[in-house]
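> Sequence:
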Amino acid sequence: MNIHWQSFSDFLATGGYGLYVWGSFGVTALILALEPMLAVRRRNQLIARLKRQLRAETKSAGERRTPPTPNHPQ
5 MNIHWQSFSD FLATGGYGLY VWGSFGVTAL ILALEPMLAV RRRNQLIARL KRQLRAETKS
65 AGERRTPPTP NHPQ
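Read the sequence shown against my numbering and you will find it ends at 78, with the numbers running on by one and no gaps.
Read the hints as simulated data drawn from the structure, not as lab findings.
Here a beta-carbon is modelled for each residue, glycine too, at the ideal position from N, C-alpha and C.
Any given hint might turn out to be false.
Quick list of simulated restraints, FRET-style, between CB atoms [stated by the list, open to error]:
#1 Glu61 / Val25: 50 to 60 Å
#2 Trp26 / Ser64: 50 to 60 Å
#3 Arg46 / Tyr21: 28 to 38 Å
#4 Arg45 / Phe12: 53 to 63 Å
Put together the whole structure using the sequences plus the hints.
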């Protein structure tokens with residue numbers, strides 16, 4: 005293995021492309037950290053929305069159903 009840098013600052017400069025290289029690594033690390041958190045958040049929002057929808061449908065179905073009369077059970 006051949007090391008091409010004489011110092012740590014040369015390594016960080018990466019041949020003049022340091023800003024691009026380390027910026028790319030930084031953005032990638034940020035995305036990798038945020039994606040699981042955002043996926044959990046979207047999942048929780050979906051579950052909450054589905055629960056609201058189920059409650060609304062159950063309530064709506066209960067209102068449509070006529071209660072049985074004492075003389076004529078359903």
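> Each hint needs a verdict: does it hold in this structure or not?
The hints, checked one at a time:
1. Distance hint check for Glu61 and Val25: the Cβ-Cβ separation is about 53 Å, which falls inside the suggested range of 50 to 60 Å.
2. In this structure the supplied range 50 to 60 Å holds for Trp26 paired with Ser64, their Cβ-Cβ distance being about 56 Å.
3. As the Cβ distance of Arg46 to Tyr21 is approximately 36 Å, the hint placing it in 28 to 38 Å holds.
4. Hint check: Arg45 to Phe12, Cβ distance near 38 Å, so the stated range 53 to 63 Å is violated.
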